[in-house]
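Kindly generate the complete structure, drawing on both the sequences and the hints.
Below, each chain spelled out in residue letters.
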Amino acid sequence: MLRFFLTILFSVTAVAQTNPLKSDENRKLFADYLYCQQDYLRAAEEYESLSKTKLSDTILYKIGKSYSIIGNTDKALNYFSSIQSNSSLLKNAVLEEARIFYITEDSYSLNKIVNDVDTSSIELKKILIAFYLKTNLLNNVNNGLFLFNDDDIIRLKIFYERRKNPTYKSEVIAGVLSAIIPGSGKIYTENYGDGITAFILTGIFSYLAYDNFKHPHQFRAYLFSGLAAGFYLGNIYGSVASAQIFNAKVDFNFLNDLTEFLLSKNYFINEIDFCK
Amino acid sequence: MRLIFVNRLLFIILLLQIKILSQNYFVEQLEVADSLFKSQNYFDAITEYKRLLFFDSSNQFRFYSNYQIGLCYKNGAKYSDAIRYFVLAEINSTNNEELFESKIQQARTNILRRTTTRAEKILSEMENDKRFDQHKTEIKYWRGWSFIFSDKWEDAHHIFSEIGETNLAQICLSTHDKLYSIDFAKYSSMIIPGLGQFYTGEYLSGLLSLAWNVFSGYLTITAFNQERIFDGVVTANLLWFRFYRGNFQNAEKFAEEKNIRIANETLFYLQNEFNGIKP
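Protein chains in written order, with the working numbering: chain A, -7 to 268; chain B, 8 to 286.
Among the hints, erroneous ones may be present.
To be verified - Using C-beta positions, here's what the derived DEER-type ranges look like: (1) K285/B / L130/A: 56 to 62 angstroms; (2) E280/B / D243/A: 48 to 54 angstroms; (3) S48/A / N31/B: 27 to 33 angstroms; (4) I173/A / Q256/B: 30 to 36 angstroms; (5) I192/A / G253/B: 17 to 23 angstroms; (6) R268/B / L255/A: 40 to 46 angstroms; (7) K44/A / K137/B: 57 to 63 angstroms; (8) L214/B / I173/A: 39 to 45 angstroms; (9) G226/A / N82/B: 51 to 57 angstroms.
To be verified - Below, in silico cross-link-like pairs of lysine to any residue (SDA-like), each with a Cα-Cα straight-line distance of 25 angstroms or less: (10) K14/A / N31/B; (11) K85/B / Y32/A; (12) K206/A / I228/B; (13) K20/A / N48/B; (14) K45/B / E37/A.
Unchecked claim - Sample of chain B residues lacking proximity to chain A, with all beta carbon distances greater than 10 angstroms (derived): (15) Y71; (16) Y86; (17) T101; (18) F107; (19) E108; (20) D140; (21) K147; (22) A176; (23) Q177; (24) L186; (25) S188; (26) F191; (27) A218; (28) F248; (29) E280.
Note that these hints are calculated values from the structure, not bench results.
Bear in mind the structure is a predicted one, so any value in this text is a computation, not a measurement.
Backbone N, C-alpha and C define an ideal beta-carbon position, used for all residues, glycine too.
Following this line, the structure appears as structure tokens:
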């Protein structure tokens, strides 16, 4: 009995030498908790401090995912690429890598993944199409990429058409129109308020300049001429600028819509919920 | 019979030791977290406090850990996170002192975050709470700081004077005296264009404003005198009123900018030179 008691006492004392809160099991539990609390940096660091033998594919994936979410793409790629080829998480890990390459605009690596790593993945091809649309490399979007015909591909085809035939406004036409009829260039670029204001102001100042020259009021005539000329030239310049802004807005809206679409589809990745 | 008693005694001692050991781990964990906090390694300190919170099923360290995490976030200028943890500390407080500390930290963090309306609301609640009667002076002190951060320098001066904080009261009063009156700058420029700019020390801008207004006013009046009504209306609307409006808006803007600079100088002084307790 005494021997039994001493053994228990000794083992309890021995256990007391190391902090059990930092045992591998407890670290994993704590890391899981942090991961589900969306405290990703701490979760990643806790997972990383587990001994090597405990680093399962799930943990490697979660570390990669944590780093990916906080924007440390280099570390995220490192962990995603270390997942075993026979793992059920491999497909997701490859897609996560593709998402990072899409965001960082790493054309070479994205192409390599699509063409070398997993040639049969439809999701990867969709990300590649989205990448070409984003970077405006429309020549690379060949028919081979549009072979499939699901809802996503239909949406991507619509984006492709939008990118191919953007509703740009010509800067030259805007400038010429404003040179002929002040304000019309702005109206052409759908800047109606500015266009009408420019037309009225240039008209009023021109009339006043003409009228003051007709009657001998030289100072006011020159003053209104100067103002009319300023408004006229400023309006031509403003119309060209307005066309540039309009075109930039077309590109911005396109990229915004594309990003929104990809986010709504989670970059075609079937998210795994580790926090159920 | 005696042997059974000894066995039971040994068993109880063993159980107690296991219980004490587990308590020791938490205390040890707390010491690790506290030492990281003391060495200003706030990121790791938060991790260790969170670990303690996660494993402490007895909830013994719940208030303290949440409070410390709040302080870590506050020191790292993550004010919204800090407030979240101070609220958690408030929820887990076990006595009036803990409740007071967690609430006052919420107010102080709101002051730093410049959400002073929220800070003042918390301070008002505390002032009306009988449990904090012995802390009235401290509550008023932080209300003074809240006034400072919401640019109510005169109010801050009054409240600091009331609680005998003469140094802070003097600083607030001298800042208040240095401030420009935005209304005076604006309305004086409405009466005499450029006067508001002169008041704020922007002499060149004041002269230009005056000149443009005199010139465009002259053109307008001349046009009307020569019975060229349309000329007069256009000149008045598109030149004179434009310069007139720009003139007093400009004066108002100068006064606001100068006041921000004066307030920032005082805040810079308080941050670096003032030795008392700060939010």
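Evaluated hints:
1. Take K285/B and L130/A: their Cβ atoms lie about 59 angstroms apart, and the range 56 to 62 angstroms holds.
2. Taken as a hint, the range 48 to 54 angstroms holds for the pair E280/B and D243/A, whose Cβ atoms sit roughly 51 angstroms apart.
3. Checked against the hint of 27 to 33 angstroms, the C-beta distance between S48/A and N31/B comes to roughly 32 angstroms, which is consistent with it.
4. The hint said 30 to 36 angstroms for the Cβ distance between I173/A and Q256/B, and at roughly 33 angstroms that hint holds.
5. Checked against the given bound of 17 to 23 angstroms, the beta carbons of I192/A and G253/B, roughly 21 angstroms apart, stay inside it.
6. One distance hint, 40 to 46 angstroms for the beta-carbon pair R268/B and L255/A, holds here, with the actual separation near 43 angstroms.
7. Look at K44/A against K137/B: about 59 angstroms separates their beta carbons, and that is inside 57 to 63 angstroms.
8. Distance hint for L214/B and I173/A: a CB-CB separation of about 40 angstroms, consistent with the stated range 39 to 45 angstroms.
9. The given range of 51 to 57 angstroms is respected by G226/A and N82/B, whose C-beta atoms sit roughly 53 angstroms from each other.
10. Restraint check: the Cα-Cα separation between K14/A and N31/B comes to about 14 angstroms, which is no more than 25 angstroms; the hinted pair holds.
11. For the proposed pair K85/B and Y32/A, the alpha carbon gap of about 16 angstroms is at most 25 angstroms, so the pair holds.
12. As the CA atoms of K206/A and I228/B are separated by approximately 20 angstroms, the hinted pair is consistent with the 25 angstroms bound.
13. In summary, the hint linking K20/A to N48/B is supported, as the alpha carbons are separated by about 23 angstroms, within the 25 angstroms threshold.
14. Among the hinted pairs, K45/B with E37/A is consistent with the structure: their alpha-carbon atoms are about 22 angstroms apart, no more than 25 angstroms.
15. For Y71/B, the non-interface assignment is confirmed: its Cβ lies about 16 angstroms from the closest Cβ of chain A, beyond the 10 angstroms cut-off.
16. Y86/B, annotated as away from the interface, keeps every beta carbon of chain A farther than 10 angstroms; the closest lies near 17 angstroms.
17. No beta-carbon of chain A comes within 10 angstroms of the beta-carbon of T101/B; the shortest separation is about 23 angstroms.
18. At the 10 angstroms boundary, the C-beta of F107/B stays outside the reach of chain A, the nearest C-beta of that chain being 28 angstroms off.
19. Every beta carbon of chain A lies more than 10 angstroms from that of E108/B, the smallest distance being close to 25 angstroms; the non-interface claim holds.
20. Taking the minimum C-beta to C-beta distance to chain A, about 38 angstroms, the non-interface status of D140/B holds against the 10 angstroms cut.
21. With a cut of 10 angstroms on Cβ distances, K147/B stays outside the contact zone with chain A, its closest approach being about 37 angstroms.
22. No beta-carbon of chain A is positioned within 10 angstroms of the beta-carbon of A176/B; the least distance is around 43 angstroms.
23. With a least CB separation of 45 angstroms from chain A, Q177/B remains clear of the 10 angstroms interface cut-off, as annotated.
24. A cut-off of 10 angstroms between C-beta atoms confirms that L186/B is not in contact with chain A; the least separation is 39 angstroms.
25. Every CB of chain A is more than 10 angstroms from the CB of S188/B (nearest about 36 angstroms), matching its label as outside the interface.
26. The beta carbon of F191/B sits about 34 angstroms from the closest Cβ of chain A, which is more than 10 angstroms, so the claim that it is off the interface holds.
27. Consistency note on A218/B: stated as away from chain A, and its beta-carbon is indeed over 10 angstroms from all of that chain's, at 15 angstroms minimum.
28. With a closest Cβ-Cβ approach of about 14 angstroms to chain A, F248/B is found to remain outside the 10 angstroms limit, as its non-interface label requires.
29. Here E280/B stays apart from chain A, with its beta-carbon at least about 36 angstroms from theirs, past the 10 angstroms limit.
Checked against the numbered hints above, the structure breaks none of them.
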